[in-house]
Each structure stands twice: as structure tokens, then as C-alpha cells.
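Just so you know, the protein sequences line up as chains E and C, in that order.
Quick note, the first sequence lines up with residues 9 to 234 if you use my numbering.
Quick note, the second sequence lines up with residues 25 to 241 if you use my numbering.
In short, the hints are calculated from the structure, not lab data.
Heads up, a few of these hints could be off.
Said to hold, decoys possible - The following label-pair restraints were derived from C-beta to C-beta distances:
id: 1; chain 1: E; residue 1: 204; chain 2: C; residue 2: 210; range: 35 to 43 Å
id: 2; chain 1: C; residue 1: 232; chain 2: E; residue 2: 141; range: 37 to 45 Å
id: 3; chain 1: E; residue 1: 124; chain 2: C; residue 2: 100; range: 45 to 53 Å
id: 4; chain 1: E; residue 1: 65; chain 2: C; residue 2: 81; range: 37 to 45 Å
Stated by the list, open to error - Lysine to aspartate or glutamate pairs mimicking DMTMM-like chemistry, simulated, CA-CA at most 20 Å apart:
id: 5; chain 1: C; residue 1: 117; chain 2: E; residue 2: 180
id: 6; chain 1: C; residue 1: 117; chain 2: E; residue 2: 196
id: 7; chain 1: C; residue 1: 149; chain 2: E; residue 2: 200
Computed from a prediction, not measured in an experiment: that's the story for all the values here.
Glycine included, C-beta positions come from ideal geometry on N, C-alpha and C.
Residue strings, one per chain:
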Amino acid sequence: MESIEQIRDRLLAQFPRAQLAVVANPGPAAQHGLLLDHEHAAAIARFLRDDPALRLDQCSNVTGIDWPEKEIVETTKSTVPDPAGGPAKVVETKTKRLQPGCLEVVYHLYSVTHGHGPVILRLRTGNRTDAVAVPSLTPVWRACEFQEREVFDLFGVTFTGHPDLRRILMWDGFKDFPMRKDYVEPDDYEWEPTPHGAVLEKAKVHYPAPAPAAPAPTAVPPPPAG
Amino acid sequence: MSDAPTSAAPAITDAERAELRRHGILLTSLQELYTWGCSHSVWPLNFGLACCAIEMIAASMAKFDIARFGSEVFRPSPRQADLLIVSGTVTKKMAPQVIRLWNQMPEPKYCIAMGACAISGGPFKQGYNVLKGIDRFIPVDIYIPGCPPRPEALLHGLVQLQEKIKGFQIKGPDAPRHLQTADAGEYPVPEFGAHDLEPPHNPAVWTAPTIVRSEKG
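Construct the complete structure from the given sequences, taking the supplied hints into account.
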């Protein structure tokens, strides 16, 4: 199969106005993705499906990624010459910048005809609050329908052009998006035998420790009724 | 039931009754007859939720043969069932349906929470979408731990339930739920809320355990 760069170059020859970028995967799998722009996404998907050399006829997986806003600290080193004539000093300056957050949808494509894959497509929303739409690829691969509904349900990405965009796992009146990083689950903490980390903080809120003067009581849960 | 003996003054001890039985004289009471009949014809609801249901199905098949204990008749309708085996993960989306099934079962009815998920949420306890134990909404008679419990464990739970039924008093304040006139027999079904089930548990059935945390913990 062609490399992702070769696919990108062929796509750019076919769609000269498309904005494509290769998103490198630094892991050992090295499955690099192709970031598409919204305008050409459906046409590019259709091209990848119908191109005789690629024939990516199966969309095996659609998933979402939440990229929250991230503060990035960049350290730049610069040499400042010493006015007294000594050796030049190296000064580190730290600049902070806020990388805006977005939601990402990832498609894994395979070719059943040629037995190759995966080719990974990525789509990104404008932000995480109001511009959360991406074009749906369900018209190209029917298998995307339920999986895009799942991404809509758990991440809150809306797919324009999806034939039946409803929640699929949670109920219709549910308001949250549980797979987002900033999701706060309902506080129905009950009991944990060996709490640690975040659960220990919850345990401290729900069951404050006794006064230090009191003798240490045994933390034994009552037996379940019945 | 007016001639049922009260629990205060047994007319005959168990040892005397067993001795008479050895000589071919069967003495019984209405209570004994009633609980004996109830305990040996516990018909489960044909209802499974997750992998525990596979073990429940195995228990009903020839190798483990739940028919030995009078429970082979898995009823497809809650109207004809005595026992709700909550066999598997109860998601928050499924919980109202489970409680609705429980409400539709006629008394006397019993509930077995089978497996870690039905007891407490199990491995999904920290998740957003799983009910942390069916006993938050309906009364549970027998808890069977395991993930999933083996069919033998389910059979053991069933025998424990039978022992429990045999110990029921049919009169007096210790009588089971369905013989108490004050009991409405209806358990409120939670609504789907914006963030969670509403209410998240039935306060008449379940309250959060109060645990005093030790300084070390």
C-alpha cells in the first residue's frame, strides 16, 4: 500500500484546494493519520473508497478524542554577550501560550478487496463548545452510522449530513458528554475498602475522619440487608 | 390461616416431630406446609443481563440441573415468576426496566443479586453509566458474589433462599413483606434525568452506609 505521504500527494493532485496535513504517530505502530478539512472531507473519502489502487471499502472504526485547552510552556535559549567582556551568558526565556482545545474524530479504513490498511483519517472541530460540527462520512461508508452516533453521544461532536443523529448509549434526556476530559460524574460515592488518589479525596469528603482524641474505630461496612 | 400456630408457643418441638415422622406419623402446620410449598417451587424469571446470565443458563441445563431444586421452570413473563435473578451489569439505562419487571411480579417474590455487578457495580463501579448495585432500588434477598459466579454458586444461593423462605413466619410482625398489609408492593421507577437517574436510589430501600473512616485509611 502507498504511504500516507504518497496518498496525501495524490489527493492534493486530485483536490488542489484541499488542506491536508499528515499527523504523525510517534508510537511504535507508526500509524500516521491524515487530517482533512471539512469542505473536502466527503469528496476525499469517496475518492479513497473508489480509487482502484486503494479501494478503502471498509470503515472499521470511528472514535473520538478530546483535546482540552492546554498551556504550553516553551523554553528558548539565547546567548547574551556580557558587556563587561566576559563569556556570553545563556539566558532561558519561558513563553507560555494557550493551545486551543478541540474535538477530533478518527476513522480507520481498510480495504477488503486488496487486503490492506489501515488508512487513518482525522477530522477536527473548531473548538469544544459551539463549533463542534464535522461532516459526516456515513454517506460514504454506511458502517459509520452507529459509530458516529456513539461519538456524538459520548464526545458531543455533531455530524452534519448524518441521517439519524441521536444518542445511542445514553438516554435522550442526558445532557453530559461522559468521555470528555472535563466530565464530572454524579457524586454517588458510597464506600471503598482501600481508597487512594482521587477516590481517597472523595472518601474524606463523605466520611470525615473522627476527632484525633477519639479512639480509632474500625471501618467495617455493615452487612448487606437480607 | 387462623389456625396457624403462633411463634410464641410451639405445641411440639422439632425433635418430637422428627421422631413421629420416623414412625410414619406426619404432623405439620399450615406455616410449615406453606413455606415448604413456596420454597420448592421458586420459578425464576427468564431474564438475563450480561455474562452472569450465561452461568444462569448453564445452571438450568443438564449438567448442573436446577430442576433438582424445583426451579427449572424459567417463566418468560414476570406475572408468572417468583424469583428475579439480576444476572449481570445493570446499566442506568436498563435499571428502570428491571424495576418495572420487579413491580410486575406477583408476591411472594424474591430477588437474587448475582455477581459483582448486580451487587455493587463490580468492575464498572467507578463508571458513569452503571448502577452501583440493584439493591439501591429493590430489596435483595440473596447476594451471590463472583465475576461471574459459577453455576454451583447460583445453586447454593438458591438453596440459601429456600432456607430463608422456610424460616418465614406467616403471621405476626416478622411476616414477610407480602403478608404485611401496610406494604404497597410497588417500588418507584426512577426517571432518566439530565445527569443521572432521578432519584439515584430509593431511600425506602437503601441508604448509604455510614462508615467512620480511620485516620490511617
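Item to check | Proposed proximity, residue 180/E with residue 117/C (alpha carbon, max 20 Å) | outcome: holds (10 Å)
Checklist entry - Does the alpha-carbon distance linking residue 149/C and residue 200/E stay inside the 20 Å limit? => result holds (10 Å)
Next on the checklist: Verify the CB-CB distance for residue 204/E and residue 210/C against the hinted window 35 to 43 Å.
Outcome noted: Given a distance of about 41 Å, which is inside 35 to 43 Å, the answer is holds.
Item to check | Supplied distance hint 37 to 45 Å, evaluated on CB atoms of residue 65/E and residue 81/C | outcome: holds (38 Å)
Next on the checklist: Holds or violated: residue 117/C and residue 196/E, Cα atoms, limit 20 Å.
Outcome noted: Holds - the C-alpha atoms of residue 196/E and residue 117/C are around 16 Å apart, at most 20 Å.
Next on the checklist: A range of 45 to 53 Å was offered for this pair. Does it hold for the Cβ distance of residue 124/E and residue 100/C?
Outcome noted: holds (48 Å)
Item to check | Range hint compliance [Cβ, residue 232/C to residue 141/E, 37 to 45 Å] | outcome: holds (41 Å)
Hint violations for this structure: none, all hints satisfied.
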